[in-house]
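Engineer: Protein sequence lines correspond, in order, to chains A and C. Residue 937 is where the first sequence starts when you use the working numbering, and the numbers rise one by one after that. Residue 3 is where the second sequence starts when you use the working numbering, and the numbers rise one by one after that.
Treat the hints as calculated values from the structure; they're not laboratory data. Glycine included, C-beta positions come from ideal geometry on N, C-alpha and C. Possibly wrong hints are sitting among the right ones.
Unchecked claim - Some chain A residues flagged as far from chain C (calculated, every beta-carbon gap over 12 Å): (1) 997; (2) 998; (3) 1000; (4) 1001; (5) 1002; (6) 1003.
Claimed, not checked - These stretches of chain C come out as covered by chain A in the derived footprint (C-beta under 8 Å, 3 or more residues): (7) 36 to 45; (8) 58 to 65; (9) 205 to 213; (10) 219 to 233; (11) 242 to 254.
What follows is each chain in one-letter form.
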Amino acid sequence: MDFNDIIGYALRIGVIISAVLIIIGVILLFTFQGSNGFSIEQIASPNSIVNSSIFIPSEIVSGLPDLRPLDYVYLGLMILIATPVVRVFLGIIQFASERNKLYTIITIIVFFNLMFAIFLLPLILGK
Amino acid sequence: MLQPLEFFIAIILVSALSGILGSLTGLGGATFLVPIYTLYMGIPIVYASGASLISTIATSSGAASAYIKDRITNIRIGMGLEIATTSGSIAGSLTVAYIYSHHLQFIIYIIFGIVLLSQVYVQLIKSKFELPKPVKPDWTTKVFGLYGKYYDAALHKQVEYIGIRWWLGEIIMFFAGFISGLLGIGSGALKVLGMDWAMNLPMKVSTTTSNFMIGVTAATGSSIYWLFGYIQPFLAAGTAVGVLIGAYIGTKILVRITNKTIRYIFTAILIFLGIQMVLRGLGFGF
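If we strip away everything but chain A, and leave its shape as in the complex, we get:
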């Protein structure tokens, strides 16, 4: 199995895990008719007041044992977002193992851009 296959499997596994978590979350949401203190009508309205600005990623993971449906949905979405990030990270390893200096540096810059957008920008914007 060469490196490209590993990357292909990593992408597929990421998508499958996130889809499963999202589906579990939605099933729980319909079972409990609500989540995180909101009713299902509030959550499912087109103009819903429930959105990502009130969900802090670190709290989502710690809330999982409580079976809060939306935490499962959000964890699934986070894993989905993380999949391309993991892919870029594997790219760094791939180019480094090929001893391709230029592309190792290029991929590190791309990875830095991702990290900047995901972790540094929220801090800078102070939200």
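Use these hints to put chain C onto chain A, whose structure you have.
Structural biologist: Chain C alone, transformed into the frame defined by chain A:
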């Protein structure tokens, strides 16, 4: 108003349909998703583009895992251009956060409409030539290693290619990333244009490499979308699952149809939605 379960089923159906249309035209599900959500389902454009950005990541990763097996995607070229698309996406998503927080949504409707209408041109001239004309390598070909080869199953031969004008590709990709962050779409058509037209790469390499890049671009913008609350969990969940189903069905249909009439029907849909988006932006009641 729809009951939660009915609404969820409607989301799945609409996003599956968008996924089918998106994979058949090569434009991605989001192109059809945002107009249908905003024009016909009463969903605010903020949430529509948030859900669509999420669905873009799902389809890109899903399809990329299949494409990698074919070895047509050029990871070197894709990763090199990602520098520009991720930077563009950061700029685009910050811009849209400014636009939404100042209640200037109409700008997004108009830009979205224009982007849809510009795709019409791309759809009509597309794929006249399967392979690019041979060109002389330039300095960027050597420095950035813009070459590769793949086996073309339709032409029954090994295709060797070289890319040129890396810098022009980067400029177009920054713009593609900006549009992606701004509208919550993958802007695959623009990425293909950058590789196909600017860098003289074969169509198959451009489309698969563009698909690979779309996921990384969208992931960059998604954090800002998350932060500002554009990701509505119920809508994003249904959209991600629906588009995945649609894209899967789409690829199964794709091998059966190459009919020109179908492309004209899709183009008519694009014109229809594009005009409606512009009109909505200008304040007419759609």
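Engineer: Are there hints from earlier that the structure breaks, and if so, what are their numbers?
Structural biologist: Number 9 only.
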